[in-house]
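Protein chains: 2
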Amino acid sequence: MKIKVVESILKANDAVAQDNRKVMDEAGVLAINVMSAPGSGKTSLLEKTIPALGPQHRSAVLVGDLQTTRDAERLDDIAAEVVQINTGKGCHLSATQVSDGLKSLKLENISFLWIENVGNMVCPAAFDLGEHLRVVLLSMPEGDDKIAKYPTLFQPANAILLSKIDLVGVLDYNMERVKNDLSRINTRAPLIEISTVTGEGMDMWLEWLRSQRTSHK
Amino acid sequence: MKIKVVESILKANDAVAQDNRKVMDEAGVLAINVMSAPGSGKTSLLEKTIPALGPQHRSAVLVGDLQTTRDAERLDDIAAEVVQINTGKGCHLSATQVSDGLKSLKLENISFLWIENVGNMVCPAAFDLGEHLRVVLLSMPEGDDKIAKYPTLFQPANAILLSKIDLVGVLDYNMERVKNDLSRINTRAPLIEISTVTGEGMDMWLEWLRSQRTSHK
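Protein chains in written order, with this note's numbering: chain A, 1 to 217; chain B, 1 to 217.
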């Protein structure tokens, strides 16, 4: 019974997601669903990425959070358009919430639509929002065991950013374990080591983004 | 409709939780639900805490994870009893899963039952498992904005452990903001700064645990 309810919620969600994708395709926007655990650096990544993409690539952002508008405030001066979606007790964004958010955004002359999901390694993975790409952050201090533990998040990712790499010297971290776990579930996504503090890895990340933008056109 | 379904799931869960609490009360066990984001150090905390409590306080552990038995393996030699519960795609433990787990545990001569929840800052908060106390870990690298963002997790906590405090020197962290956010939603729970690497704060944490154990008898 419970499973049936969940299936029907997902089915309804996926139909709205298809509509969202059509809206974004018509506007010529590349939509990226950014997912991670809480505090892995999603907002910090966008703070650094959006200006670095340059004026030829304008960004809009939909920010999901249970409460507060703190992340949206951080991005307000950086992105061309920002809309905060408060999910209350909801552990993920849904396609309907994104559809509502899209209605508040002017998508003309926008290259990238960033959808910053709720900080969570479980729920967001099950919900297609209509995005074209999924980017997952794995923060180094979260430990080297997360890929095997959360395969539903990492398996469909188009890129995986190993964030807070500036802490590499002070953490006991087995990088081989991470790469080995990843090789079993996802051989398509690049694993990019990144730090928004030192800027390490930003070039590779921006290059990947631009190539995705080019091949999407 | 969706809300009604959720309410009825929670109501059924709470009834089972009451039964769990009765089982643990009769066995003289103090049950602690340990919650946090993924990779905040729940398993590391138990690895250090259980031996430090001494032979007069034996521990059993129920470990929730989507997949893998890695955490249970880490605790297998340390705790008197360990049971792994795999939740599949479930983002939290339920009272029924804990009830099933309890059936596999011998609770005689056990002082503490640790319930290590799924790494998640949203879903676990809504589900009473029959625990007596809730302990929430907030890992320092997750940032200083999490208490305001996840009030449903931090509001009902009996103790909050600020973990990975050994990283304090390398992070840009506003401790006042954390304390200020916490003072608005929870003035009961002590905020204990802790590191399982350096051992900082372990004394205070163990003292708190022993006092809870004494007052529970």
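One thing to keep in mind: the hints can contain errors.
Across the chosen pairs, the derived CB separations fall in these ranges [unchecked claim]:
1) A:Pro55 x B:Arg188: 22 to 28 Å
2) B:Arg188 x A:Ser99: 38 to 44 Å
3) A:Leu206 x B:Arg210: 48 to 54 Å
4) A:Gln56 x B:Asp77: 54 to 60 Å
5) A:Glu108 x B:Lys179: 23 to 29 Å
6) B:Pro51 x A:Arg177: 31 to 37 Å
7) A:Glu108 x B:Leu10: 32 to 38 Å
8) B:Asn174 x A:Ile78: 35 to 41 Å
Computed list of chain A residues with no C-beta within reach of chain B, every gap over 12 Å [said to hold, decoys possible]:
9) Gly28
10) Leu105
11) His132
12) Arg210
Calculated from the structure, these hints are not laboratory results.
Note that the structure is predicted; figures quoted are calculated from it, not measured.
From the three backbone atoms N, C-alpha and C, an ideal C-beta is built for every residue, glycine too.
Any hints this thing doesn't respect? Which numbers, in order? Per hint list: 1, 5, 6, 7 and 8 violated.
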